[in-house]
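J.: Spelled out from the first residue to the last, the chains are:
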Amino acid sequence: MPNSVVKAVFKECQVDADGCSIRYWEAGQGRPVIMLESTGWRQSMLHDTLAEKYRIISLELPGTGDSPANTSSKSIGDLAATAAKAVATITAERYTLIGTSFGAHVALWQALQAPEQVEALILVSPTAIKPLEVLAKATAQEVHQSMFAHPENAEKHPALSQEIFAKEQELVGRLTSGAHDAVAESRLGEIRCPTLAIFGQQDRFVSPEAARVYKENIANSNIAIVYDAGHCIIGDRPEALVNSVSDYAEHWETFIVGHQTGLINP
Amino acid sequence: MKASYFAAMGYSERHSFPQTWPIPPAYNDPETSVQSYQDGIEECEFAEEMGFDWLSFSEHHYSGRVSTGTPSVIAAAVAERCKRVKIAMLGHLLPLNNPVRIAEELAMLDNLTNGRVITGFLRGTPNEDQVYSMNPAEGRGRLLEGMDLVLKALTEPQPFSWEGRYFQFRTVAVWPRPVQQPYPPVIVATRSDDTIRYAAEHRMSLGVSFVPVDQMAAITKKYRGWCEEAGWSPTPDNIIYRGSIHLAETDKAADDWFESLKQFKLGPTIPLRRTVAEAIQSARTGGEFDLRNLVAGSPEGDVVGNAPGLNFMGGPDTVAKQMKEFHDRAGVGVVDLLFQQPRMDHRGVMKEIELFGKGVLPQIKEY
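Those protein sequences? They're chains A and B, same order as listed. The first sequence runs 1 to 266 under our numbering. The second sequence runs 1 to 367 under our numbering.
Because the hints were derived from the structure by calculation, they are not lab data. Nothing here was measured: the structure is a model prediction, and the numbers come from that model. Possibly wrong hints are sitting among the right ones.
What the hints assert, rightly or not - With a straight-line cut-off of 25 Å between C-alpha atoms, the simulated SDA-like cross-links for lysine to any residue are: (1) A:Lys-130 with B:Leu-151; (2) A:Lys-130 with B:Tyr-183; (3) A:Lys-53 with B:Gln-168; (4) B:Lys-365 with B:Arg-177; (5) B:Lys-351 with B:Pro-236; (6) A:Lys-215 with B:Arg-177.
Taking the hints into account, I'd like the entire structure generated from these sequences.
T.: Right, here's the structure in full:
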């Protein structure tokens, strides 16, 4: 686990795909790692750590963050196809694909539709399988609060503005209805790349039973439970998330092999 | 009410121990030790025969007074002899141990006993923080995370990684699964508010040891309140009280025995050097401890700890009444009883078990 992470300098760039002008942020060098965020761009310890070893490309999904409302994507598969086209324009190399929350749902479809591009898949708090019902008419602040295991962590991270929240809710609701994605579940067996699905132990947005669905259906997969973390793992347990994601990005399924020494007096 | 026999498996010559903890292994004679375990197992068999509902096993270290550092080992041995009673692990000291290993032991025991295991978790007495060199300040956090991890390990049907604060395992896949689904009944043994609340919120039973009935009533009142907040009501079976007992034919005989103890110089049950005891307590509460602030006393004055006490004493009717008070005032449904008192030998314990089965159990079963 990194003890002192140097803050990476990310450069804001732009790419066009399916008629959308998509912003992305890039830093680092090495094998490409694509990150699909759940919402607007926020640089975290995870971005900084990965940027020390990889070329990080963090994509703002059309209709999220500060991007215009997305009315062109007709399905989550459409949005994933747009993301895949955007990434293909940025890099011709195969990449590790990391998605968080709704971004993980999109990443899952991207891996299904563009398997030749994705060499490893990391799903952080994915909402595709067995999502739990979010309170109807909840405000941005209420949803924000329930994303964390500890209220004090919610206070450390700014909530979305009500305007961006409403725009994203409309997109997510239109593409997923906030419901279990039975089609994606039925196709999980098609995913052949190494896959890690990570869940916060106290996630209030996804059923804890979701993790095993990935494990049962994706041949080369691992699931990880982050203790004392809610849906926003990076907010509750940033070190734990960075530790598991960076280990998996480096070692894929062999991340289960211990490398830390127990030797006290060499 | 139900009765549980606390299988301490005490070393028979424990009255000869020095006033210190840990007890040096030099005091252990293998022949005496082997016989002590056989005596303890015989007591368990007899307790089952006399109608006890549970046999309980505790993790305690480096002391022949309770000689069960690895409680699953002795529980497995006893369970092969005793085929009816519940095997209550009261319990494992989770902060000291690998929770995955504990989950494996519990699952295996539940299989060996065909679903008779009751499991309990606790932090342990302060001296035991020193076993396996745990930082006392981390005990609470390790207990809370350890409980979550054990339950996850017992219930998750797919291999998983655990990214904890204190524990990290990249592959957990406990085999076998427990017979009792989703997992055996769980007791949290504690007097601390935060852990009592944890038990209530997770619909777990509460175990409390050796406190007077007033204090027990205050603790269970809080527990029941938090259970109600969590949307459930505990039954008497959810409240377990562990106490020390001396049972005699009559109240006078019990008093006489107690008086006879006074000719012996009984030290504390867990004698610690004062410096060590204060350092542990200070570390548990995150305080600063400076050894130089303590004035060294005499060798005897340097030893601190709780004196042995009795929670139940008297003839059968008196003891039954004392237990009824715990039932009526504190809602206790299970009494877990330590019969192996100072200077009480195997024959004496067997006699008390018989007396309890014939004179007390029929009464408390009615409560």
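J.: With reference to the structure, classify each hint as holding or not holding.
T.: Hints, verified against the model:
Straight-line distance between C-alpha atoms of A:Lys-130 and B:Leu-151 comes to about 21 Å, which keeps the hinted pair within the 25 Å bound. For the hint pairing A:Lys-130 with B:Tyr-183, the CA-to-CA distance comes to about 23 Å; that is within 25 Å, so the pair holds. At roughly 24 Å between alpha-carbon atoms, A:Lys-53 and B:Gln-168 fall within 25 Å of each other, so this suggested pair holds. With a C-alpha separation of about 33 Å, the suggested pair B:Lys-365 and B:Arg-177 falls outside the 25 Å cut-off, and the hint is violated.
Between B:Lys-351 and B:Pro-236 the alpha-carbon distance is near 28 Å, which puts this suggested pair outside the 25 Å criterion. A distance of roughly 18 Å separates the Cα atoms of A:Lys-215 and B:Arg-177; the hinted pair therefore holds under the 25 Å criterion.
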